[in-house]
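Chain residues, written in single-letter form:
There are 2 protein chains.
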Amino acid sequence: MPAQRPRGVSIQDVARAAGVSRQTVSNALNAPHKLRPDTLERVTALIEEMGYRPDQSARSLRSGTRRIIAYTTPETDPDNPNALMSGFLEAMVAAAGEAGYRILLVRPRPGQSKARALEDVIAARTADAILLSDVLEDDPCVDYLHETGFPFAVFGRTGPGRPQAWVDVDSAQAMIDMVGLLSSHGHRRVAYLGTSAALPWLRHREAGFRIGARRFGLAGHEAFVDGLDEVVAVARDLLNRSPRPTALVLDDDWLAPGAYAAAQAEGLTVGADLAVTGFNDMPYTRLLQPALTTVRLPLRRIADALVSRLLQSVEEGAPPEAGLLLAGDPVLRPSMTTLA
Amino acid sequence: MPAQRPRGVSIQDVARAAGVSRQTVSNALNAPHKLRPDTLERVTALIEEMGYRPDQSARSLRSGTRRIIAYTTPETDPDNPNALMSGFLEAMVAAAGEAGYRILLVRPRPGQSKARALEDVIAARTADAILLSDVLEDDPCVDYLHETGFPFAVFGRTGPGRPQAWVDVDSAQAMIDMVGLLSSHGHRRVAYLGTSAALPWLRHREAGFRIGARRFGLAGHEAFVDGLDEVVAVARDLLNRSPRPTALVLDDDWLAPGAYAAAQAEGLTVGADLAVTGFNDMPYTRLLQPALTTVRLPLRRIADALVSRLLQSVEEGAPPEAGLLLAGDPVLRPSMTTLA
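Listed in order, the protein sequences are those of chains A and B.
Sequential numbering of the first sequence, starting at 1, is according to full-length UniProt numbering.
Sequential numbering of the second sequence, starting at 1, is according to full-length UniProt numbering.
Take the hints with a grain of salt, since some may be wrong.
What the hints assert, rightly or not - Label pairs and their calculated CB-CB ranges:
{"no.": "1", "chain 1": "A", "residue 1": "D77", "chain 2": "B", "residue 2": "E321", "range": "41 to 47 Å"}
{"no.": "2", "chain 1": "B", "residue 1": "A99", "chain 2": "A", "residue 2": "H185", "range": "37 to 43 Å"}
{"no.": "3", "chain 1": "B", "residue 1": "A197", "chain 2": "A", "residue 2": "K34", "range": "48 to 54 Å"}
To be verified - Computed, partial: chain B to chain A, Cβ under 10 Å:
{"no.": "4", "residue": "E75"}
{"no.": "5", "residue": "D77"}
{"no.": "6", "residue": "M92"}
{"no.": "7", "residue": "A123"}
{"no.": "8", "residue": "A303"}
Source of the hints: derived by calculation from the structure; they are not laboratory data.
No residue lacks a Cβ here, since even glycine has one placed at the ideal position from N, Cα and C.
Extracted from the complex, chain A is given alone in its bound form:
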């Protein structure tokens, strides 16, 4: 426990002990280049020794910096949280922390739009910058933030001609690489089981599958599901197409338990008769029998890039000019099969 209680120490106390003005103490913290080196050293040593801390609420009136990034974290089920977004948040807390910033979680009030919640954050000067995730290509919040000139960045991506302050996984390339991995394991007939929701990252994965199948000269079927109750039936249907696929490429890990059940119902053994691959490397994929080959998102690299872009906007006032695509990491596990 700290021996000194900081709230007893004022800027006046430090100034008196150092034999300088309050302004000099303030300069030591906020404009050190204005002081002579020996003065700076003496005052800084006393600030540390006496445990003085400036009141951030007064300080922020001057500098406008709170060292807080507001993040509109997506809503999830407390009894079954989205592990991907929980992992992303953890990576953001770590990356921001290393830069001396903290994450403030912003959730719109019931009936309030996300844009309105962001407006509140900006108007009340609650944060220095805003982080968005789960954006669609024409997300109005992106335009709103761009218009205000408030520093922001997006995990995800925005369409051409819009602000490009984003970092995302190159989902299409990751899917091309997955098809390449199947090709190099001897597969010639692959089937794609996708989710029909109109989410950009799902469409990038689908495009990647098509490009990959063409590039590696594989025969490919495709089918899409709307919800959990369709997965087994649609996967069984894919497994009965002619020519019969030797691999099921899923656009998201959540389809894997259903794909495994479909394989079992068709008398196929995943990892022996049939390869199954996923996307996202959700923690439960390691517990599936057999464990799932999938794509891991480089969450820490994504968070580092987002923090770097946010700080560039906050500290230099210059938003980044182009988005940044980072490669996914293929994770090879026993659901892969090698064909002769």
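Once you've looked at the hints, dock chain B against the given chain A.
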């Protein structure tokens, strides 16, 4: 998108439009009882119409209220986040949001203690209250926060004779209830597979198992593991004790995959020859084959109780005098077996 841009509207603009002083506009927001009802109504309508929002950084200097709860979220692996604590955070964001508060995530800097990070939060007036989790019974942060008089609450519990600003699950009672559930399904011989780490919640579960076994007159063996690589061997050893148990009671869901593997190695079928029960209802327990009977923590009720206690401290200055234990929810799934 909001049509009005709030940063263009100052308190002076509202005062001029309403034909009142700036102080009157300020009173409408901060001390409405000082105004005549018709003045209050006119000024409030203009504030809303013109989209004026007070600068929170100036406001907080007066009222001291930022409507922020700082939470020292535990560190986790971004590629495999702790679903229980992710779910708890989600429940806190929702519960705090309904009360008009936001959650600020505080992580000590590398080399910095948690207490020192909290000291920074208090000194810089970054938040109105602090939430702790994962505390041990003699956690020094609890004493530190109690001494400062800063509003705080704990998810977990503190020992007797210490500040009691906590909310926790009644783990012992939940385990007694689980043993009772096994008893009512015909089990007479149960074995407890526990984790040896000296964490208070694990010791409460262990105590609950012993009380339950005694209360329901069951024969009980116990064994403990230090790490993942021991689980299968120790579980197999328990299954070979005499008399052979018909149920394995786990002190945490993380032991379940190992317990299932041990059963398989012993030629037993979970859900038929052997019952297995867990604790925490981690999302993956629903994907195990068979799905695991376990105990769900009432995360939303816990979060509501914590927010209510935090706000009581912030708004009334009165910390709660006693901790609050909430019941866990047993979740019956196919890993339970019924004996004749």
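Evaluation of the provided hints:
Checking the proposed 41 to 47 Å range against D77/A and E321/B shows it is violated: the Cβ atoms sit about 34 Å from each other. Take A99/B and H185/A: their Cβ atoms lie about 54 Å apart, and the range 37 to 43 Å is violated. Distance hint check for A197/B and K34/A: the Cβ-Cβ separation is about 53 Å, which falls inside the suggested range of 48 to 54 Å. Satisfaction of the interface hint for E75/B is found here, the shortest Cβ-Cβ separation to chain A being roughly 8 Å, below the 10 Å cut-off.
Given the 10 Å rule on beta carbons, the hint for D77/B holds: about 8 Å separates it from the nearest Cβ of chain A. At a threshold of 10 Å, the smallest CB-CB gap from M92/B to chain A is about 9 Å, leaving the interface hint in force. Look at A123/B: its Cβ gets to within about 4 Å of chain A, closer than 10 Å, so that hint holds up. For A303/B, the interface hint holds, the least distance from its beta-carbon to any beta-carbon of chain A being 8 Å, beneath 10 Å.
Hint violations for this structure: numbers 1, 2, all remaining hints satisfied.
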